[in-house]
Amino acid sequence: MTVSPLAAWTDRLAALAPALDVTEVPFRSQLTVRVSDPDAIAAMGDALGVRFPAVPCTFSAGTGEFGAVEVLWLGPDEFLVTASPDLQVTIEEVLRGALQDVRGSVVDTSAQRTTVVLQGPRARDVLAHGCSVDLHPASAPRGTCVQTLLARTGIVLQVNDDGYTILVRSSFAEYFAAWLADAATEYLAVP
Amino acid sequence: MQLIPCPWCGPREEAEFHYGGQAHVAYPEDPSALSDEEWAQYVFFRENPSGPFAERWSHSAGCRRWFNAVRDTRTHDLLAVYRVGEPMPEVTA
Ligand SMILES: [Zn+2]
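Residue numbers (this note's numbering), protein chains in the order written: chain P, 178 to 368; chain C, 4 to 96.
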């Protein structure tokens with residue numbers, strides 16, 4: 178049986194509600210795409226049914242042949258494609274097919290990071306304890322996607338309508354969970 | 004904390020960046036033709052101005068891209084940032 182990186186933290190993270198709702202969404206399919214050719218980027222978007230983000234520090238989302246798929250901007254020639262579990266092999270082949278012989282790469286990095294969804298009225302306050310990026314909706318609207326540091330660990334942070342999606346390296350996931358539990362303490366109801 | 008404006012990601016904390024030394028130090032056209040002294044000049048010798056200095060920085064905890072910045076070494080002000088391949092902008096310190 179495969180155990181998710183935060184399996185041991187389920188109860189401790191659940192105890193942070195209702196100030197902070199923390200949900201691990203493990204084993205998501207994740208593919209790192211390196212490509213700079215605009216035609217190849219468009220072809221890969223067509224193959225996925227989701228256009229690649231054209232603006233730095235944003236992500237795009239859509240539903241196509243592979244269900245709900247997101248494409249995250251990681252750098253001017255680097256993207257992360259995320260989808261439901263167990264699609265990485267299929268999507269890798271489809272993206273490689275779209276890339277054809279253009280210079281670039283598609284690499285399965287699904288095991289590198291786990292996905293954590295943060296919601297609740299205190300989500301932004303808690304993140305502000307360890308993340309210097311301004312997450313006020315005026316400067317980080319829905320669709321924002323940044324790579325930054327949260328309490329010294331590298332994360333990818335997506336801004337959704339109703340909260341945040343955080344991608345954290347699997348080996349740092351427990352550190353991240355411990356930090357989250359500590360940072361949220363002051364927002365918990367006093368018994 | 005000092006904010007450094009990444010040309011791709013915008014202003015971020017200095018802790019996300021790594022310093023890469025003087026910018027625009029070109030690799031020798033024909034390295035094997037260099038004398039030991041010329042090679043040492045290329046490898047080890049750098050400018051050390053008091054004032055604006057063109058430097059390489061890497062946004063290592065963000066987009067992981069290298070870029071160039073003009074920094075005033077007296078005040079630590081970043082006077083300009085520009086992407087690799089772009090010419091150094093005019094700055095007034
Ligand atoms: Zn950057």
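These aren't lab readings, by the way, just hints derived from the structure by calculation.
Just so you know, not all the hints are guaranteed correct.
Estimated spans, in silico, between C-beta atoms of each pair [said to hold, decoys possible]:
1. P/E363 x C/W69: 37 to 47 Å
2. P/A366 x C/E89: 33 to 43 Å
3. P/V367 x C/E93: 51 to 61 Å
4. P/P262 x C/M91: 43 to 53 Å
Footprint (simulated), chain P over chain C, 3 or more residues, beta carbon under 8 Å [unchecked claim]:
5. 16 to 26
6. 32 to 39
7. 63 to 70
Yeah, the Cβ is synthetic: ideal placement off N, Cα and C, and Gly gets one too.
* So which of the earlier hints does this model not fit? -> Violated hints (numbers, rising): 2, 6; every other hint is consistent with the structure.
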